[in-house]
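Engineer: Here is how the chains run, residue by residue.
Number of protein chains: 2
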Amino acid sequence: MTSQTSTDGVTERSFTLGEIPGVLFTPEGATGPRPLILMGHGGGQHRRAPGVLAGAYRFAAEGGFAVAAIDAPNHGERRKSERFLRFAGDMRARMAAGEDPAGLVGAMHDLLAEQAVADWQAVLTAVQELDHVGAGPVGYWGVSMGCGLGVPLLAVEPRIRAAVLGLLGVHGLAESAARVTVPVQFLLQWDDTRVPRDQALALFDALGSAEKTLHANLGDHGGVPEFETDTALRFFARHFG
Amino acid sequence: MTSQTSTDGVTERSFTLGEIPGVLFTPEGATGPRPLILMGHGGGQHRRAPGVLAGAYRFAAEGGFAVAAIDAPNHGERRKSERFLRFAGDMRARMAAGEDPAGLVGAMHDLLAEQAVADWQAVLTAVQELDHVGAGPVGYWGVSMGCGLGVPLLAVEPRIRAAVLGLLGVHGLAESAARVTVPVQFLLQWDDTRVPRDQALALFDALGSAEKTLHANLGDHGGVPEFETDTALRFFARHFG
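Going down the list, the protein sequences come from chains A and B. Just add 1256 to wherever you are in the first sequence, counting from 1, and you've got our numbering. Just add 1256 to wherever you are in the second sequence, counting from 1, and you've got our numbering.
Covered by chain B, per the in silico footprint, the following chain A stretches (three or more residues, Cβ under 8 Å):
| # | region |
| --- | --- |
| 1 | 1471 to 1478 |
| 2 | 1486 to 1495 |
Stretch-level coverage of chain B by chain A, calculated; a stretch enters the list once three of its residues show a Cβ under 8 Å from a Cβ in chain A:
| # | region |
| --- | --- |
| 3 | 1462 to 1470 |
| 4 | 1482 to 1491 |
Hints listed in this document are in silico derivations from the structure and should not be mistaken for laboratory results. Bear in mind that the values here come from a model prediction, so they are computed numbers and not experimental data. Virtual Cβ for every residue (Gly too), placed ideally from N, Cα, C.
Construct the entire structure; sequences and hints are all you get.
Structural biologist: Listed below in structure tokens is the structure:
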């Protein structure tokens, strides 16, 4: 833990675990155990992306939860590997040439998933050792790349008991999605120009969870309505309350 | 208004308007204007069906809303016309013979829609004359047949400003759905054996509303999770609050 600031009733603590820069959000003055939400950002973003911050503040202030956000491998302040840079450049060129992006995006998530899963498992263990987080129930929130890295995490990590996912197609994820068994709230944008509707519906369908709810809203990839932060909060509160 | 009982903080008043038997739910001791939710029941059901009551009590007790529920034409305590009885018998026989039910269900709703729309318009006018209802915003809640009769109502009735619909396919409704412009929350059951998934997605798609959210849950036609009553309450509260 390297620094601490408090705003709007939420305390942010920056941390570094090995090579992983992260930030922990808790209600100001929090003591004792509480639910923990892990928040994964989108492709090209970082641990303090606007979509992450909007959720983190409400989850902490209104839900009383702890929230941990980290930079994904090769994102934010983390060193970018030669392999990643080559892959990203190649991906941009092939997308510009008109190639279907679904396979390319899936392959990119594949490249990052193994490290991302190990990162989250280490962060989860470390953060739960803090007195004001403790061994409460754990949730995961991540859409787009945050879903692409979250599904493999949920497939292998039994400590996570509920998840908000979405904004991604089934490409490359069918097998790990089938191993997800926790309750899921899945966001889909009806007019998503990056994720074909049928591929997103297929990923929702592929999830092995006995309880899962699809929330589809009008608009493109970046246009998830603000009220879905409220529904995510209520979803976690329902399962962890 | 012919009788009155109070339970769990909610007052129920039975009424008859012309040939229409209805029930009005309000918070106990309510005075002054408040939002009004019209609740339409499913096929073969009546104004006090369990799905209607569950919503009505929560909308009144927790939302502070007034809720009106009426028997649909040829349903509940209303006289069944010869034409309806012939049609219903014919429909059962054709379904038993394996005919695709979507067209039959659509035709049945068509038979009832004109009268149902006129009924709701008269009830809305009458109920809003009561001091403890008044001219607040109006919502509509109805799934399955309640959606089949609700879509034509929403298409022509500008006093209704938000609606929860669903559990129905697009058959026969495409044109009226396109004329619906208010915010809609649309329920879909992912494993509905009565309503093919693609037809339900097509009805959601056909709605003309600029704000609409699809909520799809696992399970068959009758298996809408209890928490969707909570999301409906929050949807109306968000628009009418």
